[in-house]
Amino acid sequence: MTRLATHSPDRVPRVALLRSSAGLYGADRMVLTLNQALPQAGVASRLLSIGNPRMPVQALHEAAVAGGQQAELLACRGRLDLRTLHLLRAALRRQGATIVHVHDYKSATYAWLASLRLPVRLVATLHGHVDATRALRIYNRLELGLLRRFDALAVVSERQVDLLAGAGIARERIQLVDNGIPLRAEDLEAPPMSREALGLDAASFVFAAVARFSPEKNLLLLLDAFARVADGREDCQLLLVGDGPMGDAMRERCTALGIARHVRFAGVRDDMPSVYPRIDCLVLPSLSEGMPLTVLEAMSHGLPVIASAVGDVPRLLSGTDHGRLVPPGELGALVDSMRSRLQAGRAFDARARARVLSRHSPGAMANRYRAMYESLGGWAHGVQAA
Numbered sequence: 001m002t003r004l005a006t007h008s009p010d011r012v013p014r015v016a017l018l019r020s021s022a023g024l025y026g027a028d029r030m031v032l033t034l035n036q037a038l039p040q041a042g043v044a045s046r047l048l049s050i051g052n053p054r055m056p057v058q059a060l061h062e063a064a065v066a067g068g069q070q071a072e073l074l075a076c077r078g079r080l081d082l083r084t085l086h087l088l089r090a091a092l093r094r095q096g097a098t099i100v101h102v103h104d105y106k107s108a109t110y111a112w113l114a115s116l117r118l119p120v121r122l123v124a125t126l127h128g129h130v131d132a133t134r135a136l137r138i139y140n141r142l143e144l145g146l147l148r149r150f151d152a153l154a155v156v157s158e159r160q161v162d163l164l165a166g167a168g169i170a171r172e173r174i175q176l177v178d179n180g181i182p183l184r185a186e187d188l189e190a191p192p193m194s195r196e197a198l199g200l201d202a203a204s205f206v207f208a209a210v211a212r213f214s215p216e217k218n219l220l221l222l223l224d225a226f227a228r229v230a231d232g233r234e235d236c237q238l239l240l241v242g243d244g245p246m247g248d249a250m251r252e253r254c255t256a257l258g259i260a261r262h263v264r265f266a267g268v269r270d271d272m273p274s275v276y277p278r279i280d281c282l283v284l285p286s287l288s289e290g291m292p293l294t295v296l297e298a299m300s301h302g303l304p305v306i307a308s309a310v311g312d313v314p315r316l317l318s319g320t321d322h323g324r325l326v327p328p329g330e331l332g333a334l335v336d337s338m339r340s341r342l343q344a345g346r347a348f349d350a351r352a353r354a355r356v357l358s359r360h361s362p363g364a365m366a367n368r369y370r371a372m373y374e375s376l377g378g379w380a381h382g383v384q385a386a
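What the sequence shown shows, in the UniProt record's numbering, is residues 1 to 386, in sequence order.
It is worth saying that the hints were derived from the structure and are not from the lab.
We put the CB at the ideal spot given by N, CA and C, even for glycine.
Check each hint, because a few of them may be wrong.
Stated by the list, open to error - Ranges of calculated distance between the beta carbons of each label pair, as one might list FRET restraints: (1) ALA167 to ASP201: 31 to 39 Å; (2) ALA203 to SER274: 18 to 26 Å; (3) ALA75 to PRO245: 23 to 31 Å; (4) ARG54 to GLY345: 55 to 63 Å; (5) ALA202 to ALA260: 15 to 23 Å; (6) VAL57 to ARG233: 20 to 28 Å; (7) LEU287 to GLN343: 43 to 51 Å.
Let the sequences and hints guide you as you build the complete structure.
Shown next, in the form of structure tokens:
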């Protein structure tokens, strides 16, 4: 889509991006990227973060502020806090919002309740349902019920279109919008971090996972697979970047499998452009995904990727030279793919990098969302600013 040259102030969509975050993971980074890119596409956006009372640091809000973005933190004491609802309505009035764009099930609830008394349109992006716990399954069913009341839905994988249509949501209200990632030249050309600083051997072949340590990422299976691949070898290592509720179980599994000396836990990092060049293959054995940003990031650095055939991962890897799909949850297939990659050695995937650079820029994503906002019609008046 061609970017508009000028934007009349009274015709600019005023969008509140609403997110309840548990950290700074893939969907959170996508929201930050979108909030940064929308103004350049002619959209006045503001990130409203619903506070998490269990987190001492509100990472999403702080990252937005540190990046100079328009952002506001809404205090919240639990699952449904009436005070938070009042704060949300007040924030929408101050912004003069015309559209509330939500990014998770909790935000969908607050946005719908707020919209009962405000003239706003509702948009939701589904980043991929996660059914790891009974509470989340209930949330997902409630969210689907709410989404039938939304004006437009964005999904990040073709399978989600079919799932939503099967749940009774009209296809014409569903749009596939590819995620975008920041593609600054300085990031792609960042000086690589030394392997020694990451606890890695200079000569080793390094597999890596960059993910939240949660059940749906299936990282215990990756540890089982790596144990077989590394058995009797001293020339490969596994780098794990992230954190989450499965962290202790993963460390225990490493000890039980006897691979602790081959595995490095690197924690959550904000310097991944310097880390990716020290990785030889990204592995993502997830049970559920939408369009994982970590795969896009790895592709932008030309890394070979081994990933489960879930969500939109098959479409992403179809345009690569060294991407390989495995059935989700199948240990043998994952082991075979990792062994094949180790035997083939290091490689640079030029097609993967070119695909990301051409199709997944922040500007392209922002323009697609602006088109979605404009397709709603009747959004120009919105909430009267206080």
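We went through each hint and held it up to the structure:
1. ALA167 to ASP201: 31 to 39 Å: 49 Å, violated
2. ALA203 to SER274: 18 to 26 Å: 20 Å, holds
3. ALA75 to PRO245: 23 to 31 Å: 24 Å, holds
4. ARG54 to GLY345: 55 to 63 Å: Once the Cβ atoms are compared, 44 Å apart, the range 55 to 63 Å for GLY345 and ARG54 is violated.
5. ALA202 to ALA260: 15 to 23 Å: Cβ of ALA202 to Cβ of ALA260: about 20 Å, so the range 15 to 23 Å holds.
6. VAL57 to ARG233: 20 to 28 Å: 39 Å, violated
7. LEU287 to GLN343: 43 to 51 Å: About 27 Å separates the Cβ atoms of LEU287 and GLN343, which means 43 to 51 Å is violated.
Of the hints listed earlier, those the structure fails to meet are numbers 1, 4, 6, 7, in rising order.
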